[in-house]
Amino acid sequence: MVSEGKGDMQGRFVDSNQGKTSTIRVTAKIYLSWFDPDGPAVMPKNAAAIKPGTALLWVIGTKDKMYERGHAYVFDKAPSNPNNKYLVVNSDHSNTPNDASGEIIKWLKAFNKD
Numbered sequence: 001m002v003s004e005g006k007g008d009m010q011g012r013f014v015d016s017n018q019g020k021t022s023t024i025r026v027t028a029k030i031y032l033s034w035f036d037p038d039g040p041a042v043m044p045k046n047a048a049a050i051k052p053g054t055a056l057l058w059v060i061g062t063k064d065k066m067y068e069r070g071h072a073y074v075f076d077k078a079p080s081n082p083n084n085k086y087l088v089v090n091s092d093h094s095n096t097p098n099d100a101s102g103e104i105i106k107w108l109k110a111f112n113k114d
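Its first residue numbered 1, the sequence shown is counted upward by one per residue in the numbering used here.
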């Protein structure tokens, strides 16, 4: 659709997330931006583009499909920083933020030197 100049038109597209497939309704441009291998949602590319000096906290659940890819897939692409942290929690994709909240807060508080 995008190549035909119809990128702003909505359509129904297949979405696959965490091994589950569904149909979503979005514009062709939005769908392409998410799944384009050269698009803005490519995590390894985004990690490599993090401004040097910026700390990265990567939180992953052991039951998340992304966990199988390991730290080399995205985390290791980020610029080195002594405050970078790769945090693994026993959780799934949806519950990881909540299950890791204590460790996330602890990591953030380490930056408050006052």
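Treat the hints with care, as some may be off.
[Said to hold, decoys possible] For lysine-lysine, the following PhoX-like pairs were computed, each having C-alpha atoms within a straight-line distance of at most 20 Å:
no., residue 1, residue 2
1, Lys20, Lys85
2, Lys6, Lys29
3, Lys20, Lys51
4, Lys51, Lys77
5, Lys77, Lys65
6, Lys45, Lys77
7, Lys45, Lys109
8, Lys20, Lys63
9, Lys109, Lys85
Just so you know, these hints were derived from the structure itself, not from any lab.
Okay, the hints, checked on the actual structure:
For the proposed pair Lys20 and Lys85, the alpha carbon gap of about 29 Å is over 20 Å, so the pair is violated. Taking the CA atoms of Lys6 and Lys29, the gap is about 8 Å. The hint holds against a cut of 20 Å. With a C-alpha separation of about 34 Å, the suggested pairing of Lys20 with Lys51 is violated against the 20 Å cut-off. A hinted pair counts as satisfied when its Cα atoms are at most 20 Å apart, and Lys51 with Lys77 qualifies at roughly 12 Å.
At most 20 Å may separate the alpha-carbon atoms for a hinted pair to count; Lys77 and Lys65 meet this at roughly 19 Å. For the hint linking Lys45 to Lys77, the alpha-carbon distance of about 8 Å falls within 20 Å, and the restraint holds. This hinted pair does not check out: Lys45 and Lys109 have alpha carbons roughly 28 Å apart, beyond 20 Å. Distance check on the hinted pair: Lys20 and Lys63 sit about 14 Å apart at the alpha-carbon level, within 20 Å; holds.
A hinted pair counts as satisfied when its Cα atoms are at most 20 Å apart, and Lys109 with Lys85 qualifies at roughly 14 Å.
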